Structure formats: structure tokens, C-alpha cells
Amino acid sequence: MTRKGFRLSDVARNSGKPLANLNSRRLMELPYPLEKLREEVTSGLKEGQQQEYETSLDGITASYIPRPQNEMEEEALVQRFLDGLKKLFSAQDNWTFIQPLMLTLNYCVKCQTCSEACPIYVSSGRQEIYRPTWRSEILRRIYHRYIEGGNGLLSRLNGDDIDLSWATVARLAEAAYRCTICRRCAQACPLGIDNGLVTHELRKLFSQEMGIAPKELHEKGTVLQLKSGSSTGMSPKAFLNTVEFIEEDITERTGLKIRIPVDRKGADILLIHNTGEYMSWPETIAAFAIIFEKAGLKWTLCSELGGYDAVNYGVWYDDIQLAKVALRQATVAKELGVGKIVIGECGHAHKASIVVADRVYPPDLNIPRESCFPVLEEIVNSGELRLDPLRNNFPITLHDPCNTVRLVGIVAPQRRILRQIAPQFREMNPHGVDNYCCGGGSGFAIMTGANMYDWKLGIAGRMKVKQVLDVFQDVIGPEFTKYICSPCSNCKAQFRDLIDYYNLEELCSIHYTGLVELIVNAMVDIPRPFLEAAPAPAALEFEEEAAK
Amino acid sequence: MGSVTWLQILTYAFMALIITVYLARLAKHARMPIHLRWELYPLAGERNRPGGGSYLEDTEWWSRPREEKSFLGEIRFMGEEVLLFKEYHRLNLPYWYCVYPFHVGAFAFLGLITVLIVGALTTMGGVEVSGVSPNLWGRFLFYATPVVGGTSLIFGTIGSVALLIGRLTNADLKPYTRRIEYFNLALVLALFLTGLVSWALYDHVFSIARQYVASLLTFSGAPGMSALTVAHILLVLATAAYLPFTNMMHFFAKWFTYHKIRWDDAPNLRGSGLESRLGTLHDLPLSWSSPHVQALARWRDIAQMESREKPAPRVKKGVTE
Numbered sequence: 005m006t007r008k009g010f011r012l013s014d015v016a017r018n019s020g021k022p023l024a025n026l027n028s029r030r031l032m033e034l035p036y037p038l039e040k041l042r043e044e045v046t047s048g049l050k051e052g053q054q055q056e057y058e059t060s061l062d063g064i065t066a067s068y069i070p071r072p073q074n075e076m077e078e079e080a081l082v083q084r085f086l087d088g089l090k091k092l093f094s095a096q097d098n099w100t101f102i103q104p105l106m107l108t109l110n111y112c113v114k115c116q117t118c119s120e121a122c123p124i125y126v127s128s129g130r131q132e133i134y135r136p137t138w139r140s141e142i143l144r145r146i147y148h149r150y151i152e153g154g155n156g157l158l159s160r161l162n163g164d165d166i167d168l169s170w171a172t173v174a175r176l177a178e179a180a181y182r183c184t185i186c187r188r189c190a191q192a193c194p195l196g197i198d199n200g201l202v203t204h205e206l207r208k209l210f211s212q213e214m215g216i217a218p219k220e221l222h223e224k225g226t227v228l229q230l231k232s233g234s235s236t237g238m239s240p241k242a243f244l245n246t247v248e249f250i251e252e253d254i255t256e257r258t259g260l261k262i263r264i265p266v267d268r269k270g271a272d273i274l275l276i277h278n279t280g281e282y283m284s285w286p287e288t289i290a291a292f293a294i295i296f297e298k299a300g301l302k303w304t305l306c307s308e309l310g311g312y313d314a315v316n317y318g319v320w321y322d323d324i325q326l327a328k329v330a331l332r333q334a335t336v337a338k339e340l341g342v343g344k345i346v347i348g349e350c351g352h353a354h355k356a357s358i359v360v361a362d363r364v365y366p367p368d369l370n371i372p373r374e375s376c377f378p379v380l381e382e383i384v385n386s387g388e389l390r391l392d393p394l395r396n397n398f399p400i401t402l403h404d405p406c407n408t409v410r411l412v413g414i415v416a417p418q419r420r421i422l423r424q425i426a427p428q429f430r431e432m433n434p435h436g437v438d439n440y441c442c443g444g445g446s447g448f449a450i451m452t453g454a455n456m457y458d459w460k461l462g463i464a465g466r467m468k469v470k471q472v473l474d475v476f477q478d479v480i481g482p483e484f485t486k487y488i489c490s491p492c493s494n495c496k497a498q499f500r501d502l503i504d505y506y507n508l509e510e511l512c513s514i515h516y517t518g519l520v521e522l523i524v525n526a527m528v529d530i531p532r533p534f535l536e537a538a539p540a541p542a543a544l545e546f547e548e549e550a551a552k
Numbered sequence: 005m006g007s008v009t010w011l012q013i014l015t016y017a018f019m020a021l022i023i024t025v026y027l028a029r030l031a032k033h034a035r036m037p038i039h040l041r042w043e044l045y046p047l048a049g050e051r052n053r054p055g056g057g058s059y060l061e062d063t064e065w066w067s068r069p070r071e072e073k074s075f076l077g078e079i080r081f082m083g084e085e086v087l088l089f090k091e092y093h094r095l096n097l098p099y100w101y102c103v104y105p106f107h108v109g110a111f112a113f114l115g116l117i118t119v120l121i122v123g124a125l126t127t128m129g130g131v132e133v134s135g136v137s138p139n140l141w142g143r144f145l146f147y148a149t150p151v152v153g154g155t156s157l158i159f160g161t162i163g164s165v166a167l168l169i170g171r172l173t174n175a176d177l178k179p180y181t182r183r184i185e186y187f188n189l190a191l192v193l194a195l196f197l198t199g200l201v202s203w204a205l206y207d208h209v210f211s212i213a214r215q216y217v218a219s220l221l222t223f224s225g226a227p228g229m230s231a232l233t234v235a236h237i238l239l240v241l242a243t244a245a246y247l248p249f250t251n252m253m254h255f256f257a258k259w260f261t262y263h264k265i266r267w268d269d270a271p272n273l274r275g276s277g278l279e280s281r282l283g284t285l286h287d288l289p290l291s292w293s294s295p296h297v298q299a300l301a302r303w304r305d306i307a308q309m310e311s312r313e314k315p316a317p318r319v320k321k322g323v324t325e
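Quick mapping for you: the protein sequence lines, in order, are chains A and B. Everything in the first sequence is counted per the working numbering, starting at 5 for the first residue and increasing by one. Everything in the second sequence is counted per the working numbering, starting at 5 for the first residue and increasing by one.
Source of the hints: derived by calculation from the structure; they are not laboratory data. All figures in this text were calculated on a predicted structure; none of them were measured in a lab. Don't be surprised by glycine CBs; every beta carbon is placed ideally from N, CA and C. Careful: at least some of the hints might be erroneous.
[Stated by the list, open to error] As a list, the in silico EDC-like pairs of lysine to aspartate or glutamate whose alpha-carbon atoms are at most 20 Å apart:
#1 A:Lys40 / A:Glu431
#2 A:Lys302 / B:Glu279
#3 A:Lys338 / B:Glu85
#4 B:Lys264 / B:Glu85
[Claimed, not checked] Between beta-carbon pairs, the in silico distance windows are:
#5 A:Pro531 / B:Met82: 22 to 32 Å
#6 A:Glu152 / B:Met128: 41 to 51 Å
#7 A:Asp474 / B:Met82: 32 to 42 Å
#8 A:Phe10 / B:Phe249: 46 to 56 Å
#9 B:Arg68 / A:Arg423: 41 to 51 Å
#10 B:Ala299 / A:Glu536: 41 to 51 Å
#11 A:Met283 / B:Leu273: 48 to 58 Å
#12 B:Lys90 / A:Gly341: 46 to 56 Å
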């Protein structure tokens, strides 16, 4: 329910004070054993940072926007915003999204049906600034007043109450990073209006026109990826070393001797992972290699710049960067002469490569791209891997990455695999295309910012924590080992942080993993459990005892 | 009946204006460039995909024949939306209680215009439209018209009032409602209210309305009408011409938001018509100002820059280096 005295025009208030107070008592309650948790989501900024960066939306800074030094600087920034706004509404400058944007701005009736679909709005205790229509309505009024113009009466009728000041621009820039673009709001809209798109378009305006974007996405994201080969900074040489390390690790953990193919010309499949996996979850890379080799696929990894990192942060904030990264990946695949690109367990890379960038590929770079999940399902169904589901005989739930399900339409293969290999698989509520975002979407998983960390876990990820606790309530005690299957690198990063932030491993013995690790964990050819925390089945324990 | 009146001339002029404006709005949206894919699952027309999946659940989807979308599935979804407002009922019941009668009123009003035209044509064809008509069709039209018209005017008035009160009092709606949206609702309320009172006081069976429609079709003089009825006709015409400039045109926009965005999963296949249409867009200039864009003049330049084509081998004195 909207707070008394709330006005949209407050966005232009020049007091510098945040528009929202993230009081812990207002946050959505969590189930047992966190029902009494009252954590603080505070700014946590140091004195110098508070003066240096814009935090007037909610005390949080995602984009590190420096405060202008004087009025002239403010005016210049506002003018640049206006220039960008004009381009956003020009069919030539914004052909990529002008049609959906105009439909959303022109025809939303603000019935607020979308509000309850938004996990951030609900989790925050229904803070007005996180309502899906809040930023859209502000943008709409600015558009009517400053772009459409018109005579005084029409302008007044259309809502001329929002002044385009630096305060407005700065708050909008931050508000664009309080939405994960999971598009659950769009799914709930009976008219097909897409307030998630408005977030995307605002981010784009700030990045493409004003050069304002969180450094984790731009400077240390797409720019670094295009320059060094990966948003992690991993060079081709480091990549090759890591692959070698993973080969050794496979032998150590499983006894299998596997040579991971790299730069194999003419392979059927170029498999591209999120490079974060090489750094944080090399077992995912290892599991893919084991499965693909056991299945006898003609596949390869690639050590060329652009060939070993599937991430494409451009999909979240900048169409030009999206196109650059996608075309770089396609170029590498073309040079290798592979039959197709298969995207590993990375949700946003699925969306970027297979769907959103689909219409920026010129004919010669339009290399076919597909998801790893149907490929894995074919392998599992083929019987090439000898699988014993009892090796995964512990409670497992599936987290659906928004980018894989609602935004790409890959829903069933991962479930059919889990039903074959995990006897205690259970669905969260809601799931599939109706899922909730993990709270790390649209870049939040990799953004820590000056004080973004608490916000993305305490608010953005809160609904997912509730879902996880709800689905495991019958086995919630720490004596039951439980796994969240999260087949997406960014979602895994968010789960890693959520489990740590809410102490879920100690309180409930909740762990996370990818899908391929669960498949390998079920393989009878592997002598020991592949998952570190997975309880060994009785037969395995017996064999180990006997071996000793 | 006398000669053609100023009201009839105004009606003709408005009808021409309305058709022009609707076609112009349609053309404006239809002419917008193809956007990047931004579909949202589930797609109503997707067959045999439990849970809302897509053709991307298949390996090598580009080499398989594309399954035809189920037109029936799309129609069923849209039908339930248009007739029942199913999503509003499921997700926002309090709002449904306001918005549903409003739209029942609006749709029934279109029905009223239709039965009035059919009634006028029937009369022109020599069939009496009355309660004692020897012709069954004539009797049916006679009784159907007030049922449809009454439904429209009663529900439309109730819905307009409910929406206006809701927007004025509900704390979630009020801050987001612009003055123009109050004006729009007030305009529609005025339309329904004048129609309702006019019906109740002067034209219980819509016979004057039918005569007026017939006079428009035959270019003959209009029947005598009360000032209130004339005001109602003027409000209908003005609202119909004004509607395309408001967000109430969402019934029209919905075709685009669903068919052209949410359900548009057409892939950019090699050699397809879509591919050639995209080629034109890739030639568009890039005018954004951030440093990382400035080096690029056109979209096509991105592909050229990223393709990093190896330089051709230099040839020196017949020896390839």
C-alpha cells in the first residue's frame, strides 16, 4: 500500500535525502528458521563515499555516480540526459527497442497488477520506489513534458509535475539498478506492458549516451572482456593453464583421464562457459568435460579472445556492447569452423546469444547457437552414461534462472533430467516460467558496489530465500543435506552469497550446485561422490570400506 | 423527416476523421522497425510444450521444421482476456470489479451500434422492426436492441464511476493517475450517462437511435431528438475520435504487445526474409555519444570491427610472407 503523502514528484526533491528508508521491520518475513531475523539493510557507506557518490534514491549506490561539483556541471548532465532521451524515442537511433518501448509508455493504465508480481517490491515491504510502475511513470511524465512538449494545458493534463533536475536524473540512474529485469511484471500484465523493458532502456540511455554504468558491467565487464578475452580478466594463457588444472582435478577426483579438447578445428560443438565457472566452480567445467567425452561428442573449447567466455553483460545495459560481444563470439566460432555454439550453464548467456542478439548477426556470422540443456538431455536419454539415481538420493530442488525459462523458453529438459537422476527432486512454488529471480539477475550477482551487497541479498534475494526454505520445510534441520540445483553461473554466485548471508549451510545444511555436477554424481563409473557435500549412498560407503 | 441536418454532417465528418485517425495509428505502430527479440514465455500458441517451453528446447532447432503456432491457442487466450478479463480476475480482483463492468459497457456499446445498423438496414429492406412485426427477425432486433443497449449503458456507467472513484481514492492508484486520465474517464462517464438518461427518458426501445442511423445510411433527414440525445451523439463521436490519442487505446495496442513482442519468437535464419529486412536496419547510423560508441558509424561496423579479419598475406618478389 502506498504511503500517505507519497508523490511521484519527490523524485526531483533536491534535499539529497534518500526517498526510501530500508527499515528492517518492514521487510517481508521469512519462514523458519529465519522467522525472527531482523537484519539491517543499511547504507554502510563511509563518510567520504556518501559525499562523493549519489545515494539519494535509497542510500545505495550501484553505479558510483559522482556528485556534480557545481550547477553548471549539473545542467550539462541534465542536458545530456535529455539528448539521450530524444535518441531513445527515435526509430533510427533506437530501432532495437523503439516499438516495445513506445507501446509500454503509451498504453500502460497503471492498474498496478504488476506490483505484486515483483519480488523486490514485495520483499522490501512494498517500497514505492521499487514498484515496477514507479520509474516508468516518471519517465513517461518527463517524456510528455520535455520531449512531446505541447501547449500549457495539454502539458498540465499530461502531468507536468516532475522537474528534470540533476536529482531526478541521478535517482533514475540508480533506480535502473533496483530491478533485475526478470520481467515477471510484464508476464503479469494483462495488456502486455513491459516495465522491465523501461529499466533496460533507462540503463541503455545512461550507458550509451552518458557513459554511466556500474563498473562491474561496463569497465570491468564488457570492456574488459573485449580487451582481454573475459570479464574475469582471464587471458588466453591463463585459460589454457586452468583447463590443464581441471584435467588434473578430474583425474584426482574421479580417476578418469580426460583430455579436454581446445581449439579443435571443425568440431561439431564449440562449448562456451561463463568464465566465472573456471574461477569459482571448475567442477562444472570438469563435469561437462566428463559427460561430453563419455558421450563421445566431437566438441571443443576455444582459447581465442572471445571464445572462452559466454558472458555478455551488454544484454543488461547496452545494445552496442551486446552486439560487440555477441559478434566477437560468433567470429571465433566461424574461424574455428564449428558446427554450432553450445552455451553452458549460464542463463544470461542463453538469452543474449540465442535470443536477444539473434537479430544483430549478419548472415556470415550467424552461427547456430543452442542451449546445453537439450544436449544434456539427449546424452542422458541415450544411455551412454551409466546413471544410478540413488547416488543423488537427498532432497534437491531446482532454481529456474529467469533468463533460461521465462525469457528463452527452455523449461522442460532440465526437469526431465532431474526426474531421472534425483529421486527426491521437488519443485519450488512457483516454478518454471512463473519462477522468482534469485535476486542476482541483470548483473546484481557480480555487483558488490560500495554497498550493493547487503541490498542484493537482504532485499533482491529475499523472495528466493523464502522459496528455498518453504520447499525444504519438511527436512529443514541441518541433519538433512539438501541441494539447490542452480544451472546458471550468476544464480550460483547469488546462492553462494545468500547461503553465506543467511547462514543457511550451518542452520539448514543447504548447498547449491549445477545440473551437470548432479549428472556426474549419479554416474556409476565414478567411484566417489562428485559433489563434496553430498551424502554417499550406502553401497558406495560399503565399497569404500571394502577397498580400505 | 426533413433535409440533412448539421448533426448528420458532423457525424459524417467525424466518421471520416475516426477512420483516418485509426488507420494512421495502426500504420504508425506497424511501420516501426523490427526490434530485437524480447519474447516472454509461455507463448499462447506454442503446441506440445508443457510448462511454457519453446522450440529452443530441441537440439539443432534451426534444422527442424518449425511447428506452426496454434492459432486456436492464441485466440482462446485472447478470447478469455477480452471476454472475461481472466488475468485481472486472477491477479487483481478488486480492480477487476471496476474494470470489468467498464469494458462490458464498452463492448456492448459496439454491439449496440452494430444492432442499430443491422436494424436500420432491415427497415430499409422493408422489414418492420417492432414488437408486433410479422417478421421474426424484425421482432428479434426490436427486443435485442434495448437488451444490448441497456447492458452497455448501465454497465458502462457503473464501471466508469467505479474506476473514477478507485483512481480518486485508492492510494496505490491515485499518485500514478494523471489529470488527463481523470478527464478521459469523466468523458467516458459523460458518454454513458447521457446515453443512459436519454434511453430512460426518451428512447426506451432505441427506435429514435435506429431512425437516426437509417437517416445516415440513406442521406435523408434526421428524426427529432432531445438536446440530451444530441449531446450523447456528439460525445460518442468526440470520444471515438479522441480515443486513439489516449492510453485507453490499449485494446488496439494489445495486438502489438502480444503478437509483435511477447509472442514473436521468429528466428533470424540464414536466407530468410527476416534476415534481409534486418540488413537494412544494420545500415542505420549510430549516433549515441558515449566514448565506446563514437568509433562506430553504423551498426554494420560492429560486425566488421569484431570480425578481426586477418590481413591478406603480403607478397614480396613473388614470395609469400
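Here is how each hint holds up against the structure:
Simply put, A:Lys40 and A:Glu431 have alpha-carbon atoms about 26 Å apart, too far for the 20 Å limit, and the pair is violated. Only pairs whose Cα atoms come within 20 Å are accepted, and A:Lys302 paired with B:Glu279 is rejected, the gap being roughly 30 Å. Straight-line distance between C-alpha atoms of A:Lys338 and B:Glu85 comes to about 46 Å, which puts the hinted pair past the 20 Å bound. Taking the CA atoms of B:Lys264 and B:Glu85, the gap is near 17 Å; set against the 20 Å cutoff, the hint holds.
The given range of 22 to 32 Å is broken by A:Pro531 and B:Met82, whose C-beta atoms sit roughly 57 Å from each other. At about 45 Å, the CB distance of A:Glu152 to B:Met128 agrees with the hint of 41 to 51 Å. Separation of A:Asp474 from B:Met82 is about 34 Å and conforms to the stated range, judged on CB atoms against 32 to 42 Å. The beta-carbon spacing between A:Phe10 and B:Phe249, approximately 29 Å, falls outside the hinted interval of 46 to 56 Å.
Distance hint check for B:Arg68 and A:Arg423: the Cβ-Cβ separation is about 24 Å, which falls outside the suggested range of 41 to 51 Å. A beta carbon spacing of about 47 Å between B:Ala299 and A:Glu536 agrees with the range 41 to 51 Å that was offered as a hint. The beta-carbon spacing between A:Met283 and B:Leu273, approximately 36 Å, falls outside the hinted interval of 48 to 58 Å. For B:Lys90 and A:Gly341, the Cβ-Cβ distance of about 50 Å falls inside the hinted range of 46 to 56 Å, so the restraint holds.
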